[in-house]
Amino acid sequence: MGLKIAFIAHDRKKDEMVNFVTAYEHVFVPHTLYSTGTTGFRIMEQTKLNIHRFMSGPLGGDQQIGALVAQNEMDLIIFLRDPLMAQPHEPDITALLRLCDVQGIPVATNIATAELLVKSLERGDFAWRELVHKYKPEGTV
2 MGLKIAFIAH
12 DRKKDEMVNF
22 VTAYEHVFVP
32 HTLYSTGTTG
42 FRIMEQTKLN
52 IHRFMSGPLG
62 GDQQIGALVA
72 QNEMDLIIFL
82 RDPLMAQPHE
92 PDITALLRLC
102 DVQGIPVATN
112 IATAELLVKS
122 LERGDFAWRE
132 LVHKYKPEGT
142 V
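Remember, this note's numbering sits 1 above the position in the sequence shown when you count from 1.
The hints are all genuine.
Pairwise CB distance ranges (calculated):
no.: 1; residue 1: E91; residue 2: F42; range: 20 to 26 Å
no.: 2; residue 1: T39; residue 2: A87; range: 17 to 23 Å
no.: 3; residue 1: P59; residue 2: D126; range: 29 to 35 Å
Listed below are the simulated SDA-like cross-link pairs for lysine to any residue, each with C-alpha atoms no more than 20 Å apart in a straight line:
no.: 4; residue 1: K15; residue 2: P84
no.: 5; residue 1: K120; residue 2: E26
no.: 6; residue 1: K5; residue 2: M56
no.: 7; residue 1: K120; residue 2: A109
These are calculated hints, taken from the structure and not from any lab test. All figures in this text were calculated on a predicted structure; none of them were measured in a lab. Backbone N, C-alpha and C define an ideal beta-carbon position, used for all residues, glycine too.
Using the sequences plus the hints, can you model the full thing?
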């Protein structure tokens, strides 16, 4: 069973995200992938990965991914943030990161942490997330 992984990247981090996902394309193949609009489009242009694209972050894409997190339906988020540029949708970003903390969803906000999480994914260290889904209480999504 594959995991659900989301990619989000601010404008000045999109090239970095595309390069990162391209380098680890083989790791992401068996998983269900999600992304905000432009980030997902750019990744699909450079890889053979199929990504479910939500709206652009400022138009609600962060909130759409957040809705999956709130239902504990996301397993890993790689969110390359630009710490040097103010974002018009900063409250949405803060809400998404808060939801990840509430649900215990691993989230990388920079390339160094993303590298560590993907290496962990590659080793199979995320098997515990599969148990979360297997033993989900009745009546939940």
